[in-house]
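Novice: Top to bottom, those sequences are chains D and G.
For the first sequence, our numbering assigns the number 1 to the initial residue and increments by one for each residue that follows.
For the second sequence, our numbering assigns the number 1001 to the initial residue and increments by one for each residue that follows.
The set of hints was computed from the structure by calculation and includes no laboratory data.
Where a beta carbon is used, it is the ideal one built from N, C-alpha and C, also for glycine.
There's no promise every hint is true.
[As the list claims (entries may be wrong)] Derived lysine-lysine pairs resembling DSSO-like cross-links, with alpha carbons at most 30 Å apart:
id: 1; chain 1: D; residue 1: K8; chain 2: G; residue 2: K1106
id: 2; chain 1: D; residue 1: K15; chain 2: G; residue 2: K1190
id: 3; chain 1: D; residue 1: K116; chain 2: D; residue 2: K8
id: 4; chain 1: D; residue 1: K69; chain 2: D; residue 2: K8
id: 5; chain 1: G; residue 1: K1160; chain 2: G; residue 2: K1190
id: 6; chain 1: G; residue 1: K1190; chain 2: D; residue 2: K11
id: 7; chain 1: D; residue 1: K84; chain 2: D; residue 2: K68
id: 8; chain 1: D; residue 1: K68; chain 2: D; residue 2: K116
id: 9; chain 1: D; residue 1: K116; chain 2: D; residue 2: K15
[Stated by the list, open to error] Here are some chain D residues the structure puts well away from chain G; computed CB gaps all over 12 Å:
id: 10; residue: S41
id: 11; residue: A46
id: 12; residue: L60
id: 13; residue: W73
id: 14; residue: H83
id: 15; residue: Q175
id: 16; residue: Q220
id: 17; residue: I222
id: 18; residue: I224
id: 19; residue: L227
[Claimed, not checked] Simulated restraints, written as ranges between beta carbons of each label pair:
id: 20; chain 1: G; residue 1: S1170; chain 2: D; residue 2: Q87; range: 45 to 51 Å
id: 21; chain 1: D; residue 1: Q130; chain 2: G; residue 2: V1214; range: 37 to 43 Å
id: 22; chain 1: G; residue 1: S1170; chain 2: D; residue 2: P106; range: 38 to 44 Å
id: 23; chain 1: G; residue 1: Q1302; chain 2: D; residue 2: Q130; range: 54 to 60 Å
id: 24; chain 1: D; residue 1: N75; chain 2: G; residue 2: E1288; range: 51 to 57 Å
id: 25; chain 1: D; residue 1: S214; chain 2: G; residue 2: E1098; range: 48 to 54 Å
id: 26; chain 1: D; residue 1: E32; chain 2: G; residue 2: R1103; range: 57 to 63 Å
id: 27; chain 1: D; residue 1: K8; chain 2: G; residue 2: E1288; range: 21 to 27 Å
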Amino acid sequence: MSKDLRPKLFKLGEKALVLDCASLSGSNSKLEIQRQIWHISDLCKASGDFEDIVPGNNNLTLFFKDSKKIPFWSNQVNQFWTHKLVQLKPGKLIQIPVQYGGEYGPDLNAVAQYNKLTPQEVIEIHTSAQYSVLFLGFQPGFPYLHGLDKRLFTPRLATPRLAIPAGSVGIGGEQTGIYPAQSPGGWQLIGRSSVNLFDSTLFGNDRAQPSLLSPGDTVQFIAIESLGEVEEAKSEVPR
Amino acid sequence: MIEVLTPGFHTTVQDLGRTGYRHLGVSVSGALDRQALILANSLVGNPDNAAGLELTAGTFELKFYRDAWFTLTGANYEIKIGSREIWHGWRNNIKAGETLSLRGPKSGMRAYLAIDGGIDVPLYLGSRSTLTAAELGGHQGRALKVGDRISLGNKLSISKPIGAVQRGYSNEIRALPGPEMAQFTQQSRKVFWSSQWQLSNDSNRMGARLTGEVLDLTQELNLNSHAVMPGSIQVPPSGQPIVLLADGQTTGGYPKIATVIEADLWKLAQTRPGEQLQFIHVSPNQAEDANYEWQQYFYRLQRSIDANS
């Protein structure tokens, strides 16, 4: 039994190692596992052995500067895991105004139909939850949010769109998130916000934190009638 | 300083990329053909990581405002200073006031222009590379336009032209099996390694989209997104593989059938839309050998450049 409670470790390409805790989500809550991952990520950061350390959805990928260190760290990461220490991030709460449906949410009806709900019910369910930022990925500042209601789980599109507008709010499988910049993508789009998630105008300033959200923050979506309403409020979003 | 007279099709400032920020979702970016950029930099006496220009087809014209040494590597372009023709893969001198024109490519897809002292745009998160998808880095976060004026680093002292032979292109691309390889049907696994894949027109700096026989999973997979990287070959439900390139997303949720080895990733930058390529299955040991051989190439190259300078 205890064997099953070990994360899976596997190599990705030549220089990366993935710690995958997907099989453990029955025993602990997703957020608890993620707090353990954040802690391990901090421990790894201190070593200087990595080019990048990227938490994912209940997993952690370590990009090595030197692949010879992989065996050592495989062992080390496993040991860290058994210590069961967690990082409790003091996150901030950020409200994100969203115009749902219509041209801004072309897949709202499809998500409703797939889940046998009305579009209005999808909006109510989506705005009633508070979501934890599990990790950032895919695009600069793109938050993967935990806490999507099971009633809204919807598969990704069979063929990803080539261009999704910035600010689009989508659902991909059991996840929901916001696209910070125009990009291709396979999630079902239910609405759009005008919040700036990644400020690339912080040019030349290496110490600036260009990302609005950080892992451990909490997000709440607010339904609004028109995106125009928030143009003024936009500048008031805390950073 | 240099001034862009004709911008070409998607010309961007690139160095060897941006690491340390993938946890914020910032892609590594950087030159798609890293070996061509390193070669170009070596020829003009720059450090490997100096910024150059990455050209993707079309005509590109540049006016120089200081004497400079430059070289063009990667895809084979016609190169002229005024009306004088210049060899590809050689370093040459250009005088202040002269115009460099580049037209191509005759073969390959992406060319790299290195200038002594390097392209001097501001560092953003530790790199000069342009990530157009996020409008950051490079020259104002975008591809170059007519009239752009860009600073150069300090001039280096170089006395004579020299050239280098570039490694030959083949359409055989070595790859390691990916974490979800076993979850594709036996037939699809066979097809993946044995068939010719065609590079689609939808390809760009984010990904090389391939078309061919549809690849099927034994059963539907709903994976938790984790980090991916340049070289990861994802298969979305359409069954048509996408090889992630330098500007590709940092995390992804599609099954990964294989990973292109680092030593062969440059070949995807030099394949043209419509051309075919094939994946060759290698072991981790073979990948390591290929990398070693790659490092050796650069080592020998640097030694002979030093010896001839």
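Novice: With reference to the structure, classify each hint as holding or not holding.
Specialist: Outcome of the hint check:
The straight-line distance between the Cα atoms of K8 (chain D) and K1106 (chain G) is roughly 48 Å, outside the 30 Å bound, and the hint therefore fails. Of the supplied pair hints, the one linking K15 (chain D) and K1190 (chain G) holds, its CA atoms being roughly 26 Å apart against a limit of 30 Å. Pair hint K116 (chain D) plus K8 (chain D) does not hold up; C-alpha atoms about 36 Å apart against a cutoff of 30 Å. Our distance criterion of 30 Å between C-alpha atoms is met by K69 (chain D) and K8 (chain D), whose separation comes to about 18 Å.
Proposed proximity of K1160 (chain G) and K1190 (chain G) is contradicted: the alpha carbons are some 52 Å apart, above 30 Å. Under the criterion of a C-alpha separation no larger than 30 Å, the hint pairing K1190 (chain G) with K11 (chain D) is consistent with the structure, at around 22 Å. Between K84 (chain D) and K68 (chain D) the alpha-carbon distance is near 27 Å, which keeps this suggested pair within the 30 Å criterion. Among the hinted pairs, K68 (chain D) with K116 (chain D) is inconsistent with the structure: their alpha-carbon atoms are about 52 Å apart, more than 30 Å.
For the hint pairing K116 (chain D) with K15 (chain D), the CA-to-CA distance comes to about 45 Å; that exceeds 30 Å, so the pair is violated. In this structure S41 (chain D) is not separated from chain G by more than 12 Å, as the shortest Cβ-Cβ distance comes to only about 8 Å. Non-interface call for A46 (chain D) relative to chain G: holds, since the shortest CB-CB distance, roughly 14 Å, exceeds 12 Å. Distance to chain G contradicts L60 (chain D) as a non-interface residue, since its nearest Cβ pair spans about 8 Å, not more than 12 Å.
Non-interface status of W73 (chain D) relative to chain G is upheld: no Cβ of that chain comes within 12 Å, the nearest being about 15 Å off. The beta carbon of H83 (chain D) is kept farther than 12 Å from every beta carbon of chain G, the shortest such distance being approximately 22 Å. At the 12 Å boundary, the C-beta of Q175 (chain D) falls inside the reach of chain G, the nearest C-beta of that chain being 7 Å off. Here Q220 (chain D) stays apart from chain G, with its beta-carbon at least about 21 Å from theirs, past the 12 Å limit.
At the 12 Å boundary, the C-beta of I222 (chain D) stays outside the reach of chain G, the nearest C-beta of that chain being 23 Å off. Non-interface call for I224 (chain D) relative to chain G: holds, since the shortest CB-CB distance, roughly 25 Å, exceeds 12 Å. Once the 12 Å rule is applied to beta carbons, L227 (chain D) is consistent with being away from chain G; the minimum gap is 20 Å. Between S1170 (chain G) and Q87 (chain D) the beta carbons are some 48 Å apart, a value that agrees with the proposed interval 45 to 51 Å.
Between Q130 (chain D) and V1214 (chain G) the Cβ separation comes to about 41 Å, which falls inside the hinted range of 37 to 43 Å. Taken as a hint, the range 38 to 44 Å holds for the pair S1170 (chain G) and P106 (chain D), whose Cβ atoms sit roughly 43 Å apart. At about 56 Å, the beta-carbon gap between Q1302 (chain G) and Q130 (chain D) stays in the expected band of 54 to 60 Å. Checked against the given bound of 51 to 57 Å, the beta carbons of N75 (chain D) and E1288 (chain G), roughly 20 Å apart, lie outside it.
For the hinted restraint 48 to 54 Å between S214 (chain D) and E1098 (chain G), the CB-CB distance of approximately 50 Å keeps it satisfied. In this structure the hint that E32 (chain D) and R1103 (chain G) lie 57 to 63 Å apart at CB holds, the actual value being about 60 Å. Hint check: K8 (chain D) to E1288 (chain G), Cβ distance near 23 Å, so the stated range 21 to 27 Å holds.
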